[in-house]
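Given the coordinates of chain P, work out where chain R should sit on it, guided by the hints.
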Amino acid sequence: MAAKALNKSLNGRAITLVGVAGDIVDQCRQSLTDQGANVTVVEPPMADLFVEEKVDAALDGVSMEADGIVFIPGAFTDAVDSYVEECIGACLFALKLAMRSRANRPVDFLCLAGPTGAGEEAEIAQSIRDGALRQMVKVASAEGGPMDPPMTANVVFVAEEAALADMLNHLLGAPQSYVTGISLTLSA
Amino acid sequence: MPQDFMDGCVAIVTGGSTGIGYGCAEAMAAAGCTVVLTARTEADGKKAEADLKAEGLPVVYVRQDVASEEDWLRVLGEVEDRFGRLDFLINNAGISQLFPIEETTAESLKTLIGVNLTGAYYGVKHAVPHIIAGHDKRGFPGMVVNVSSVLSRIGQAGAVAYCASKGGMAGMNQVYEKLLADQSDKVQVKSILPGYTMTPQVDKAIGRDSPLVTELAETIPLRRWGEPEEIADALIMMLNPAVPLTDMEVLVDGGFLGS
Chain P
379 MAAKALNKSL
389 NGRAITLVGV
399 AGDIVDQCRQ
409 SLTDQGANVT
419 VVEPPMADLF
429 VEEKVDAALD
439 GVSMEADGIV
449 FIPGAFTDAV
459 DSYVEECIGA
469 CLFALKLAMR
479 SRANRPVDFL
489 CLAGPTGAGE
499 EAEIAQSIRD
509 GALRQMVKVA
519 SAEGGPMDPP
529 MTANVVFVAE
539 EAALADMLNH
549 LLGAPQSYVT
559 GISLTLSA
Chain R
-17 MPQDFMDGCV
-7 AIVTGGSTGI
3 GYGCAEAMAA
13 AGCTVVLTAR
23 TEADGKKAEA
33 DLKAEGLPVV
43 YVRQDVASEE
53 DWLRVLGEVE
63 DRFGRLDFLI
73 NNAGISQLFP
83 IEETTAESLK
93 TLIGVNLTGA
103 YYGVKHAVPH
113 IIAGHDKRGF
123 PGMVVNVSSV
133 LSRIGQAGAV
143 AYCASKGGMA
153 GMNQVYEKLL
163 ADQSDKVQVK
173 SILPGYTMTP
183 QVDKAIGRDS
193 PLVTELAETI
203 PLRRWGEPEE
213 IADALIMMLN
223 PAVPLTDMEV
233 LVDGGFLGS
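Protein chains in written order, with our numbering: chain P, 379 to 566; chain R, -17 to 241.
Keep in mind that the hints are not guaranteed to be accurate.
Said to hold, decoys possible - Mimicking SDA-like on lysine to any residue, the simulated pairs with C-alpha atoms at most 20 Å apart in a straight line are: (1) P:Lys474 / R:Ser241; (2) P:Lys386 / R:Pro226; (3) P:Lys386 / R:Pro223; (4) R:Lys186 / R:Arg67.
What the hints assert, rightly or not - Not everything, but these chain R residues come out facing chain P in the computed CB check (under 10 Å): (5) Ile114; (6) Arg206; (7) Met219; (8) Leu233; (9) Gly236.
What the hints assert, rightly or not - Cβ-Cβ distance ranges computed for the label pairs, FRET-style: (10) R:Met230 / P:Asp456: 32 to 38 Å; (11) P:Asp526 / R:Gly153: 36 to 42 Å; (12) P:Met525 / R:Glu52: 50 to 56 Å; (13) R:Ser192 / P:Pro553: 25 to 31 Å; (14) P:Gln408 / R:Ala163: 32 to 38 Å; (15) P:Gln408 / R:Ile136: 37 to 43 Å.
Source of the hints: derived by calculation from the structure; they are not laboratory data. Cβ atoms here follow ideal geometry from the backbone N, Cα and C, with glycine treated the same way.
Isolated chain P, as found in the complex (with noise of 0.2 Å):
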């Protein structure tokens, strides 16, 4: 029986940081650095997600030469309407950016949601918005895998503190693995 273990490395591949400026962002990229990940950030345009031709025209500005696009959430602020929305739309923008990036090499999709805080409605805001992004990485899976070259997506929710780096390796370090289209829950 061939002996196949996979080869795991994050060494050399390019990942794509969709979001904006905060500590999952900053040790999501120090952690994908440090394995040796060619790390490029983008941040979505927040105040256009809703308006399509801003949504290309900053789409256009972005290389797509990716191998791995990593969706990180902004942190909540004070209205759920508002953030639940933003969350939603700024993940549409991270799997275009993966679809068109998917069009020239294999891709893998990864979104990372960090806890919102105390509080009702910063409880409120995160259940919607995980359960949003649940279903996104699902569609994005069922849509990408079937694609030539195909595209994996998952989400990971992932605990204040909770240590990134393995996860990454495992999730990014293989690419097109058979896990695809699962909600994992990372705990610090």
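For chain R alone, coordinates are given in the frame of chain P:
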């Protein structure tokens, strides 16, 4: 990234002579874990042991009928005597049947449930105390991983016994999550849910290039079957204390259930 957390650990992988079990045994041993590979058929078990040892991997074969509670006690006793600890149990042994309900006999049902479900239960019941006892040497949670299936969540026509066994396994996990909640720093019981996986058994039974395999691949977003080493890779992630997932189940199905 090296999985050196497994150095010094000891695992039992049931049904480890072929397919997903073999892939798990290989991946865990390659990560430094001593693997006790069990299988009912001695010739298959010894061949797997020899093949993995030829790769330089620390693997030992022990014969086991997982449907026998006495056999579980014997195997766990042997592991304790020989290695002095147990850190992981991969409850992988399983059989499948494809019969419509009316053609599923009482005997065939008992056989399948005995291996797939009751056998897994014996494993959890008797291995958990050993894994808890091994915590001081390990320093992180040990784990039982039940190798379940996407058929624990959906019903497939012609697979009533198999679906029942995997559904029962899901129920077993839920109850053990509660029972072991206050010891989750020492042991956890989880499941991995493979989708369609191209094992040697499947290849032999229906053929890797058969129309049925191609037809089923069309129902999977990735448009292909998984390979045993991909299931093993997800297993390693689940066992890794540096990836402390709270999920009780991890799907490895090429996006099948989500689509």
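Review point. Which earlier hints turn out false for this structure, listed by number in ascending order?
Key: Structure breaks hints 4, 5.
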